[in-house]
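Chain A is fixed; fit chain B onto it per the hints.
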Amino acid sequence: MLILRDIRKSYRIGPTEVDVLKGVNLEVQQGELLSIMGPSGCGKSTLMNCIGLLDRPTSGSFMLDGVEVAYTNDDALSDIRNRRIGFVFQQYFLLSRLTALENVALPLVYRGDAGQDTTDRCMELLKRVGMEDRALHRPAELSGGQQQRVAIARALVGSPSIILADEPTGALDTQVGGEIMELFKTLNAEEGITVVIITHDPGIARQCKRVALMKDGGIVE
Amino acid sequence: MILTSNLKEATRSLLASKQRTILALIGIVIGIGSVIAMVSVGRIVQDEALRQFKEMGTDILTIEKEFGGGLPDGGGGRPAAKSALKLDTIRAIASRCPAISNVAPSVRGTGEASFNGKKLERSGPMGVTASFLAINKLSIREGRFLSDLDEQSRFCVIGSQVAAELQKKGADRVVGSKIRIGDNLFTVIGVTSEVPQGGMRRFEPNEMIYLHITTSLRVFANAEISSITARVSPGYTNTAARDQVLAYFVSLGMGSAVRITSPEEIIAQMEKQMQMFTLLLGAIGSISLIVGGVGVMNVMLVSVTERRREIGIRRALGAKRGDIRGQFLIESVILSLIGGLVGIIFGVGASWLIAHFAQWQFTLSLGAILLGVGVSNAVGIFFGYYPARQASLLDPIVALKSD
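Top line first, the protein sequences correspond to chains A and B. Its first residue numbered 47, the first sequence is counted upward by one per residue in the working numbering. Its first residue numbered 184, the second sequence is counted upward by one per residue in the working numbering.
Isolated chain A, as found in the complex:
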């Protein structure tokens, strides 16, 4: 469902051209729990931005659900991000002025959905991540682990093809991080949700069914 072929990305920093991704090939199947692991500076984040359609590769092919998506226009990319990709960030990235419930509903707002259905759907997801009794709390009133759970509910709300998690446990202590990883594993096992976790932590990577090792701008394994 997700096929990357020879993805290259280079940045121009001053007079020199820096190649960050040097031909990445990757295939992710429906229902996979995959981790992309590598040391910092190996191009993980850039790859994540490309897979998340926040950035366009310099060259290469990126097929998502059988459609070439890498080079479409900005509005179309926004739409694909909205419908097909669920983001989970290291810093949770909840909007501080909104309640947990409103944060979860945000992707649906940009889809133009409204009404009681939306609220029901969001409550259902908050329940799924064990946060239903905190629905009306704002992020500042929640612990890191709780915020990350809300963020996961937000990623799930639009029924995306893939959940893209960038160091999802990076800001959490080991125990809470473990709980978050358990949540991902459960979602993957019970509901067949495709999850791609980007991490530098071998302990996290080991919990995934498959590990892609990144080194120096390419995937070596």
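Any given hint might turn out to be false.
[Stated by the list, open to error] If we take Cβ atoms under 7 angstroms as the criterion, some of the chain A residues that face chain B in the derived model are: (1) Leu100; (2) Asp121; (3) Arg127; (4) Phe139; (5) Leu141; (6) Pro153; (7) Tyr156.
[As the list claims (entries may be wrong)] So the derived label-pair ranges between C-beta atoms look like this: (8) A:Asp111 to B:Ile470: 56 to 62 angstroms; (9) A:Asn119 to B:Gly557: 43 to 49 angstroms; (10) B:Ala199 to A:Asn71: 42 to 48 angstroms; (11) B:Ser585 to A:Gly77: 31 to 37 angstroms; (12) A:Met47 to B:Ser585: 31 to 37 angstroms; (13) B:Ile209 to A:Asn71: 55 to 61 angstroms; (14) A:Asp166 to B:Leu547: 49 to 55 angstroms; (15) A:Glu228 to B:Leu186: 37 to 43 angstroms.
Note that these hints are calculated values from the structure, not bench results. Each residue gets a CB set at the ideal place from its N, CA and C atoms; glycine is no exception.
Showing chain B alone in chain A's frame:
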């Protein structure tokens, strides 16, 4: 849904930074307030002037001698005809033109007036007929006005201000006092009632010394009838009356010697001038509006900078550039509209105060209010567009990385 959630978001974000919001609001309030006050005062002055003008009645025509215009003096060597409007000619207007019920010719005199050897400031002699009083809607406070039996007499009627000056200069009784104009002495036989200043008469009634027109024509050198006020008979339009008067003068071979003005023309001309005046005031007010608008832009730019990460998050979750732009645009429009509403209240209040102290009749101008709402909306869009566009063009990755 996006709209309602944007509205909600905008209000929240404005409330979240109250101090900044209030500062931007003050700018807009002053801007809109001054535009409204200026335009509204302009309207009030315009209405006031028209009201004073109409107080004299709109059923009057002004007939003036056309200066430099061709009285039939036969420029090409023919013997010059008598180049003045004659009193008999004028008196005949009312009988020859059924559309004219009454005429009041007048002569402006020259010469210094004095009482008991003391000069009377701010006074001027004017020769009139008995019909003058009624046509100019003046009334007598004391004594009587000049009558047609006073031809060639040495009587005069004075305005209230001249009367006051006489008393100041030691006259026990105003009526009966003698005023010297040039080499002639005139006995005061009446005083006209005080008339509010700034009316649309072409003279200042309170400062006049009225003589009989026949006396003035004799006493003053080079005196000639320069202006006639004619009242239109009921049932006739001003245009019909004007045509009749013109036909009358044409029949005398003096068609090009007079200029006849109807109140409509003067009103139209006045309105045009007043509109320019209002426009000018509005333009002055707009300067502060621009300053207010720049304030809004500043606040919005700061808001965009502060919320870069939020923008990045929203973009990652699927917000299109247009969504982001809309969000910030709505915020600046709300800011400007609130400022505009408060500004309208201030502006109307200020114009009420000005009207109150200037003793003008206050009128609430709906146009000014609509202008205020429209302009504040436009300010919000115009000065909010650039920051909103900046926000929408942020690269999501860069925006997410910022703190």
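A quick look at each hint next to the structure:
no., hint, verdict
1, Leu100, "holds (5 angstroms)"
2, Asp121, "holds (5 angstroms)"
3, Arg127, "holds (5 angstroms)"
4, Phe139, "holds (5 angstroms)"
5, Leu141, "holds (6 angstroms)"
6, Pro153, "holds (5 angstroms)"
7, Tyr156, "holds (4 angstroms)"
8, A:Asp111 to B:Ile470: 56 to 62 angstroms, "holds (57 angstroms)"
9, A:Asn119 to B:Gly557: 43 to 49 angstroms, "violated (35 angstroms)"
10, B:Ala199 to A:Asn71: 42 to 48 angstroms, "holds (46 angstroms)"
11, B:Ser585 to A:Gly77: 31 to 37 angstroms, "holds (35 angstroms)"
12, A:Met47 to B:Ser585: 31 to 37 angstroms, "holds (32 angstroms)"
13, B:Ile209 to A:Asn71: 55 to 61 angstroms, "holds (60 angstroms)"
14, A:Asp166 to B:Leu547: 49 to 55 angstroms, "holds (50 angstroms)"
15, A:Glu228 to B:Leu186: 37 to 43 angstroms, "holds (40 angstroms)"
In the structure shown, a violation is registered for the earlier hint numbered 9 alone.
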